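Novice: Sequence:
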Amino acid sequence: MNSKSLFSGGFLILLGLLFLGKEFGWFHINWHEISRLWPLLLIYLGLVAFLGKSSRSATVVTIVLLCVAIPTVLIRSCQEKVETAFNDHDIHIGTDENEDDNNNDDNEDNEDYSNRESQQRLVEAMNPLIKNAKFDFSGGAAEFIIKGTSKDLVEADADLNFGNISLKKTGDSTNPDIKFALKGKKDHINFSDDNHNKINLKLNPSVLWDMSFEFGAGKADFDLSDYKIKHLSIKTGVTETDVKLGDKVNNLDVQVESGLTSIEFNIPESVGCRIDVDGGLNSKDFDGFIQKNGHWETPNFEKSTKKININFDGGLQELKVKRY
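Just so we're aligned: the sequence shown equals residues 1 to 324 in this note's numbering.
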């Protein structure tokens, strides 16, 4: 057996163990921690290129790397259960109060230091003349929520443990570009459930939106069913993302680019939907869809006056599209 087949077999076994453990609730897959092991792949490719795929040395190196990677990934995947056990006993990992007092002087000039708990609210007023607008969203590690609507153009409420939010308007006053951002980094780790960033957003439902979301690690729960959207772009790193779409426009194009992520779309039964998937290994769950000409389609796609086209492009993903 050469190193290539050994590595491929070990990688598939690892994926099988991860998804099997997730299905049976043995552990939570912490994609963020797993993604940090990507340099092992570069090490493997470099050593194989140097030693040769079929050499005994390459096979030994491959076995060693698998022996390191598989246990590490499984241990990292158990992290959430370990954190829960720690929290149940009121045990936290992070900087203690004395250390915070000693470090206050160093952090006075840093707006984004950890342990800061702040509430921030930003609003962009609505102009009745606005019919179309673009919404660009970028953020770091946080829980992002969109639910409900606003009489203003955009409103944002944030409970922040670190970082700051910003809201800027550029372009034509009747056809503006709105840029929302969460910026800042966390200086230490605290496993408390209450110690994280949470962002709540609401937009005006009368505007025809072109939406773009880009964020790294975290969780996103977007209920966009009340909005008129002509184009939706989502670029994620290591996230758990839920998106609910509505039937307010005749044609909606959705583009998803992601790394290690779990993403679920909910679409109305009255809307025809077509799905295209490009990329690496994907776990697909398209309930109520039929495969046709390289696509996945709802039975009513061709005859529907309202259509949603979803294109997935990324790496290792758990993909779900459901109808409601």
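Source of the hints: derived by calculation from the structure; they are not laboratory data. Computed from a predicted model, the values in this text were never measured in an experiment. Possibly wrong hints are sitting among the right ones.
[Stated by the list, open to error] Using 30 Å as the maximum straight-line C-alpha spacing, the simulated BS3-like pairs for lysine-lysine come out as follows:
1) K306 with K292
2) K169 with K248
3) K320 with K307
4) K322 with K202
5) K307 with K183
6) K320 with K303
[As the list claims (entries may be wrong)] Distance ranges between label pairs, derived from CB positions:
7) T170 with S304: 23 to 29 Å
8) D253 with N293: 14 to 20 Å
9) D313 with N164: 28 to 34 Å
10) P299 with N200: 18 to 24 Å
11) N164 with D285: 26 to 32 Å
12) D172 with H295: 33 to 39 Å
13) S118 with Q291: 31 to 37 Å
Backbone N, C-alpha and C define an ideal beta-carbon position, used for all residues, glycine too.
Novice: State for each hint whether it applies.
Specialist: Status of each hint after checking the structure:
no., hint, verdict
1, K306 with K292, "19 Å, holds"
2, K169 with K248, "25 Å, holds"
3, K320 with K307, "18 Å, holds"
4, K322 with K202, "24 Å, holds"
5, K307 with K183, "35 Å, violated"
6, K320 with K303, "23 Å, holds"
7, T170 with S304: 23 to 29 Å, "36 Å, violated"
8, D253 with N293: 14 to 20 Å, "18 Å, holds"
9, D313 with N164: 28 to 34 Å, "31 Å, holds"
10, P299 with N200: 18 to 24 Å, "37 Å, violated"
11, N164 with D285: 26 to 32 Å, "37 Å, violated"
12, D172 with H295: 33 to 39 Å, "37 Å, holds"
13, S118 with Q291: 31 to 37 Å, "49 Å, violated"
Checked against the numbered hints given earlier, this structure breaks hints 5, 7, 10, 11, 13; the rest are met.
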